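Work out the full structure: start from the sequences and follow the hints.
From first to last, the protein sequence lines stand for chains A and B.
For the first sequence, the working numbering begins at 1 and goes up steadily by one.
For the second sequence, the working numbering begins at 1 and goes up steadily by one.
Because the hints were derived from the structure by calculation, they are not lab data.
No experiment lies behind these values; they were computed from the predicted model shown.
One or more of the hints may lead you astray.
Unchecked claim - Label-pair restraints from in silico Cβ distances: (1) A:Tyr51 <-> B:Arg84: 42 to 48 Å; (2) B:Glu68 <-> A:Leu74: 37 to 43 Å; (3) A:Arg59 <-> B:Gly73: 39 to 45 Å; (4) A:Ile110 <-> B:Pro39: 15 to 21 Å; (5) A:Ser49 <-> B:Ile54: 23 to 29 Å; (6) A:Ser49 <-> B:Lys71: 28 to 34 Å; (7) B:Gln50 <-> A:Ser28: 27 to 33 Å; (8) B:Val83 <-> A:Asp39: 28 to 34 Å.
What the hints assert, rightly or not - From the structure, some residues in chain A lie toward chain B, with a derived Cβ separation under 10 Å: (9) Lys42; (10) Val89; (11) Pro101.
What the hints assert, rightly or not - Capping the alpha-carbon separation at 25 Å, the derived lysine to any residue pairs in SDA-like fashion look like this: (12) A:Lys42 <-> B:Val12; (13) A:Lys42 <-> B:Ala89; (14) B:Lys44 <-> A:Leu64; (15) A:Lys45 <-> B:Arg9; (16) A:Lys42 <-> B:Arg13; (17) A:Lys42 <-> B:Leu11; (18) A:Lys45 <-> B:Pro96; (19) A:Lys45 <-> B:Leu38; (20) A:Lys79 <-> A:Cys40; (21) B:Lys44 <-> A:Glu5; (22) A:Lys45 <-> B:Pro8.
Even glycine gets a Cβ: it sits at the ideal position worked out from N, Cα and C.
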Amino acid sequence: RKEVEQDPGPFNVPEGATVAFNCTYSNSASQSFFWYRQDCRKEPKLLMSVYSSGNEDGRFTAQLNRASQYISLLIRDSKLSDSATYLCVVIGGQAGGSYIPTFGRGTSLIVHP
Amino acid sequence: NAGVMQNPRHLVRRRGQEARLRCSPMKGHSHVYWYRQLPEEGLKFMVYLQKENIIDESGMPKERFSAEFPKEGPSILRIQQVVRGDSAAYFCASSPRQSGVGEQYFGPGTRLTVT
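See below:
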């Protein structure tokens, strides 16, 4: 089983739709979780951290389910500009206390008019 | 506050040559990470450095690859005797503290092409 798994998609949705992605992780000792966004051939950019209590930033909501070992990202009222690849990042839990981030391969979102 | 800077943005090398990739972290950031991304692949961790120290190089190939982050100047990722399989985008990221509690800020990447 891969350390961090994401459905590669693509998710094709119309403007205004609500879309959700999940990301599963294998190491139950993982400590920190993030969502990044990567536009084609550009650098990843931090979208939001994921807290145990869940967090919301405008149209974006992130949640953590430790029992089932997954995190989710919900995007409401999708915009054309939301089209990108969304990367799940999991940190911590490795032997020796290393804090090396593990990136998922990303989920591609395409928002169409 | 300037972001993470990487240069060159594009680098073409013939097989057997050396490639040097440079990364200047954000001001005030003392933690640098290097990643490699192959086409249609995810980001793969290579090495984590602090000033003058390699903290974790578990993701870096044992041969031909080396990294440093000197007291003064940028972090350097060096690839000796490049092969076609080294062609990829190499991203550097910086963080103000250990990534377990902080976020990472990425540079624009260096796209290495080996001919």
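The hints, checked one at a time:
no., hint, verdict
1, A:Tyr51 <-> B:Arg84: 42 to 48 Å, "holds (43 Å)"
2, B:Glu68 <-> A:Leu74: 37 to 43 Å, "holds (42 Å)"
3, A:Arg59 <-> B:Gly73: 39 to 45 Å, "holds (41 Å)"
4, A:Ile110 <-> B:Pro39: 15 to 21 Å, "holds (19 Å)"
5, A:Ser49 <-> B:Ile54: 23 to 29 Å, "holds (27 Å)"
6, A:Ser49 <-> B:Lys71: 28 to 34 Å, "holds (31 Å)"
7, B:Gln50 <-> A:Ser28: 27 to 33 Å, "holds (28 Å)"
8, B:Val83 <-> A:Asp39: 28 to 34 Å, "holds (29 Å)"
9, Lys42, "holds (7 Å)"
10, Val89, "holds (8 Å)"
11, Pro101, "holds (5 Å)"
12, A:Lys42 <-> B:Val12, "holds (18 Å)"
13, A:Lys42 <-> B:Ala89, "holds (10 Å)"
14, B:Lys44 <-> A:Leu64, "holds (23 Å)"
15, A:Lys45 <-> B:Arg9, "holds (18 Å)"
16, A:Lys42 <-> B:Arg13, "holds (21 Å)"
17, A:Lys42 <-> B:Leu11, "holds (16 Å)"
18, A:Lys45 <-> B:Pro96, "holds (16 Å)"
19, A:Lys45 <-> B:Leu38, "holds (18 Å)"
20, A:Lys79 <-> A:Cys40, "holds (17 Å)"
21, B:Lys44 <-> A:Glu5, "holds (14 Å)"
22, A:Lys45 <-> B:Pro8, "holds (20 Å)"
Of the numbered hints given earlier, the model fails none.
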